[in-house]
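Based on the hints, put chains S and X in the right spot on chain L.
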Amino acid sequence: MLCSIVLLYCCSSAGVLSQLSIHSRHGRECVSPCFSLQQRNNSTSPKIKVDLDNSTGVAVLRMQSPPVNSLSLDFLTEFCINLEKLEMDKSCRGLDIITLPMYGKSPERCGEFWKAVQEMWLKLYGSNMATIAAINGSSPAGGCLMSIGCDYRIMADNPRYSIGLNETQLGIVAPFWFKDTLVNTVGNRAAELSLELGLLYSAPDALKIGLVDQLVPEDQVLSTAQDTMSKWLAVPDHARQITKSMMRKQTIDKLLSNREADITNFVSFITKDSIQRSLRMYLEMLKSRKA
Amino acid sequence: MLCSIVLLYCCSSAGVLSQLSIHSRHGRECVSPCFSLQQRNNSTSPKIKVDLDNSTGVAVLRMQSPPVNSLSLDFLTEFCINLEKLEMDKSCRGLDIITLPMYGKSPERCGEFWKAVQEMWLKLYGSNMATIAAINGSSPAGGCLMSIGCDYRIMADNPRYSIGLNETQLGIVAPFWFKDTLVNTVGNRAAELSLELGLLYSAPDALKIGLVDQLVPEDQVLSTAQDTMSKWLAVPDHARQITKSMMRKQTIDKLLSNREADITNFVSFITKDSIQRSLRMYLEMLKSRKA
Amino acid sequence: MLCSIVLLYCCSSAGVLSQLSIHSRHGRECVSPCFSLQQRNNSTSPKIKVDLDNSTGVAVLRMQSPPVNSLSLDFLTEFCINLEKLEMDKSCRGLDIITLPMYGKSPERCGEFWKAVQEMWLKLYGSNMATIAAINGSSPAGGCLMSIGCDYRIMADNPRYSIGLNETQLGIVAPFWFKDTLVNTVGNRAAELSLELGLLYSAPDALKIGLVDQLVPEDQVLSTAQDTMSKWLAVPDHARQITKSMMRKQTIDKLLSNREADITNFVSFITKDSIQRSLRMYLEMLKSRKA
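Residue numbers (our numbering), protein chains in the order written: chain L, 2 to 292; chain S, 2 to 292; chain X, 2 to 292.
So here's chain L without its partners, still in its complex pose:
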């Protein structure tokens, strides 16, 4: 049983429910009709909930964003555990959302976190599965990274939603592999402008520069993703996988040979007093906006 399709619903910064659907090619063979991983989780507000629908072979992984969207190392860890559990059915791969979990953490904690982010991206961008991002919320920073790590992006045509690698706006810098993924998606110039200004794009603007592939009414995001899924599943797996690897290998190899330096660089940057001040201000701004 090989998992072939991932549907992913990126979380909204307003805390909107996010979903990640994992499609098993041979879903009907799945043993667990409703595999709710959060039941293993002591948290009363579980970060992740997974339901595998045997009739469609689609496992829906829901990501409930915590306040100020601070999806941290905890989330990454929980996410990975969940995915490993699903992988016991050989039906899944790792995905994630990261946003701003590096405020007020020790260098060790930051390094650990960043390694987890790298791991998530390496697995997602290099996944043999066809991966489709179904974006029904805003996707700043890590949410955007996760989206552009997929094979195809469908976004809700909702004027309140935005998407982008906005790190620069927060005084931090998207690392080279965020940049490479963005360049691969929207080209060098749009990536340059986007990263230098830390732009968040409205859905129509995101479509215009190619940051997403398709806009649909919000209530059709899931069904469109499922229709798109069928199209991708109709392509011979082996040829598609080799082709995908050919397209992405160089970008992935670049991080693989620079992981440690990238972690060191991230930690030394993020633990700077000035950066921490900048992040604190940003988090407070987000909190006050919600209040």
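By construction, these hints were calculated from the structure, which means they are not laboratory data. Just so it is clear, the structure is predicted and the values come from calculations on it, not from any experiment. Mixed in with the good hints there might be a few duds.
Any copy, or any two copies together, can satisfy a pair, since identical chains are not distinguished.
Listed next, the in silico DSSO-like pairs over lysine-lysine satisfying Cα-Cα at most 30 Å (straight line) [as the list claims (entries may be wrong)]:
no. : residue 1 : residue 2
1   : 288       : 232
2   : 232       : 124
3   : 106       : 116
4   : 180       : 124
5   : 106       : 124
6   : 232       : 273
Same frame as chain L, but now just chains S and X:
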């Protein structure tokens, strides 16, 4: 006498007549008013027919696609002989169309064929001549490769025609230099989507992603190509050639230093039982469609 | 006092006044209310005039193009002296316009000139300042290079203005770093077409391929540039600068490790009899057009 422009009519999978026009800068000096190479050809259904019009200095090379468009090593060879003959007038360079000639062949035959395909692409993509693809038919796979190997692409605005590197759909994989040529033409993201799904684009969609440069009514493809030709001929040859080389050298060098590995890779892939089954099914589907 | 924004008005080949505005982040601290560098200049027709407006913190650097727009080594030198003077206020960086100053010069002079062009581009493309090109005239060749060396391009929507790296039309070849800058701006395919044909784009066409970012009525070029400037200044400097460097470093390093070879190549090419003939014809054509 130096040949400066190539007009190329890609063959339709429906067997529509395809043409390759070779323009001699000093056409009026040409010795042979109508240089019909197929007269040297014993075949009663010649694959290639060349006519050199002295009044315009344009040699028209017509490619009549055989059933199921299986333009094989035979075609490549005949094509090269024809071009060598034309080169005796110092008026031409090599071009080709390849589609699906690697079904049911021995590994040696496949290797020989693939080397010829490489040769064709190296000559075309690196040609000092200005090369203009005038596409009046569908251009899947090798036909598309030939088109994107040219300097400019004019396509008939006919809803029945499509163009694309659709190898993935057949269960095979476009090699890295097909991919590089496509990336150079439409950018990384459009190439990725196109190759992962093996997409064939309608003429308007091809224009939209930049796979072709211009659409014109079918009966104006040739005249538009000739007008475009004049524009290209007005640019100083030397500067244009150095510029073209600067743009394409890196891509060409990459194949040059990997030819043997690329052939080995192609042969070992294409002779796999599973791939041969997939190709047989595709050929049968094409045959039944024509029947 | 750190200079953060550069406004640049590219010169028109028709001799239209061109302006370069240099914005000081802490302009109000500036000592010189009107810093007219041309007063140091014996020329009765100064090439460059700088006025620093204390109320806005914007220093306006005006470039008056001489006949046939032959902005030469003299101009580059004068420009650099002016900028050094402004830098005494720590408020500025170097910029330039080069067009066709290499006709009829000795190899030594050509080499010296080319080195100055390299220097200008290295400083501009790698500048820590946000740089905005406000284009209120035609920007062929070096003018275009200067524009695409900036971070953002605003062009007057005037049908008489064009922009492009048109070197090929003159029988010369844009060097690899012109090409790299253009590829980074408009992508590989548009750059290829543009460079092979030496195309000059009308304002709308330039917008379409991404050679400029925005068109505005001619009388709004400056105000739009100033509005845009505010947007860029709102982004944390440090993050923007690191991001810019990440985007451009590879391209800059490529020239840095090939400067001598690039100069040698340029000089040997430009001093060829055939090229000099071609340039003379071009200059004469420009002169007769003005007469």
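Consistency of the hints with the structure:
In this homomeric assembly, residue 288 and residue 232 come within 30 Å of each other (Cα to Cα) only across copies, at 24 Å, whereas the closest approach inside a single copy is 41 Å. Proximity of residue 232 and residue 124 under a CA criterion of 30 Å is satisfied intra-copy only: 23 Å inside one chain copy versus 36 Å between copies. In this homomeric assembly, residue 106 and residue 116 come within 30 Å of each other (Cα to Cα) only inside a single copy, at 14 Å, whereas the closest approach across copies is 49 Å. Taking CA atoms no more than 30 Å apart as the test, residue 180 paired with residue 124 passes in both settings, with 17 Å inside one copy and 23 Å between copies.
Proximity of residue 106 to residue 124 under the C-alpha cut-off of 30 Å is restricted to the intra-copy arrangement: shortest distance 25 Å within a copy versus 38 Å between copies. In this assembly of identical chains, residue 232 and residue 273 lie within 30 Å of each other by CA distance solely across copies; the values are 25 Å between and 47 Å within a copy.
Violated hints for the displayed structure: none, as all numbered hints are satisfied.
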